[in-house]
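All chains, please: the whole structure from these sequences, using the hints.
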Amino acid sequence: MVLGADVTQAQIERILQNKTLRLSEVQRRLLTYLAERSLAGQADDLKEYVIGIDAFGKPSSYDPRQESVVRMHVARLRQKLAEYYRTEGAADPIIVDVPKGGFKITFEPRPAPAASVVEKPRSRWIRKEVWAAGIMVLLAGVAYLAAYSPKPQPAIVEASPWSPDLQQLWTPLLSPTRPLVVCIANPTFGMASGAFRLGQFLGSRKPDLLVTQGEQLSMPEVAMNNIVFLGPTTGNRQAQSLPGNQQIVLEANGIRNLRPLAGELAFVSDRTAADGKGVEESYALISHLPGLYGNGDFLYLSGNRAASVMAAVKVFTDPMLAGALVRSLKTPAGIIPRYYQAVLRVRSMDEMPVDVSTVLHRDLSFVPNPPAKP
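Start counting the sequence shown at 13; every next residue gets the next number (the working numbering).
Mixed in with the good hints there might be a few duds.
Derived DSBU-like pairs: lysine-lysine, alpha-carbon spacing no greater than 30 angstroms straight-line [to be verified]: (1) Lys116 to Lys59; (2) Lys70 to Lys116; (3) Lys70 to Lys112; (4) Lys342 to Lys326; (5) Lys112 to Lys59; (6) Lys70 to Lys59.
Cβ-Cβ distance ranges computed for the label pairs, FRET-style [said to hold, decoys possible]: (7) Ile65 to Arg339: 51 to 59 angstroms; (8) Tyr305 to Lys112: 22 to 30 angstroms; (9) Asn265 to Ser72: 51 to 59 angstroms; (10) Tyr61 to Pro349: 39 to 47 angstroms; (11) Ala345 to Ala55: 37 to 45 angstroms; (12) Glu37 to Tyr305: 18 to 26 angstroms.
Hints were generated in silico from the structure; no laboratory data involved. Even glycine gets a Cβ: it sits at the ideal position worked out from N, Cα and C.
Laid out in structure tokens, this is it:
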């Protein structure tokens, strides 16, 4: 189906007016430029060097091999378009995309929905496909809450608590110049619930908050954004590639202290209740590290159990728990270090944290080299 220029241009204007892209002048300018060139039949001329000169005002000496600004912003635009079609553009008749591997804008009519077939359930267990779909709906809800939560008015008390301790923990991550991405390691209900809680908490404070899955996190996104990563980083090369002088690491059954001090254990293990119904004990690892090339901030809220990840999220959203962490981290000068690690002991029932305490922490600001694993 051939789409008319008026239809495609109207779709571009619709996207430019939405809340997802309205806050980013760079993304608006890039989308407009790529769309104009693509609609004019000049897509074959869309080379990285040309885009850098025309769309970003780079000098003629610009070398794409040395500076990846075009690739990073195109990756961000691709991410923004996907976010738009998950939220405001869910019913738009035309789908605009920038397929990976190039810079050409494509315009495709939305496929007609297939006729639904009612099938009698064969089991009381939820199918894996339905579960995954439910998680994605929950993630879309997080993105919607983050993007469209109304900003609090000065004369109205905010519904979400925001204490001085929470402000100390979040200020480095809520940079006005870097978007914030909440990334979940895998689409389990516990991880998605943690992302949902963060979306509710941050919605009015970070309107360009984006929620995604670990496998969809790209290196350009890591380079351009501040990241909050929920869950274990095993298998996620982007999260594992970040620099950091970690002295504490998450392992399959617990947390290892690579340099235990006097009175500290070298390893603490997650334990399941003997009868499978009582109180369980697990551990969460909070790691606040520098981002790629030392730019930005990367916050890991990791653990092997859904309850431990949720406990770490609660520490960053609950004033009382945040206060306990801040008191543990404070230096003699009365400030918390820019980069740090902390271990939480989590007692839980039915995957719900019932008691959370900080048992170990490290100031990473002055550690010269990452320790070697034993």
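Give me the numbers of the hints this structure contradicts, sorted from smallest to largest. 11
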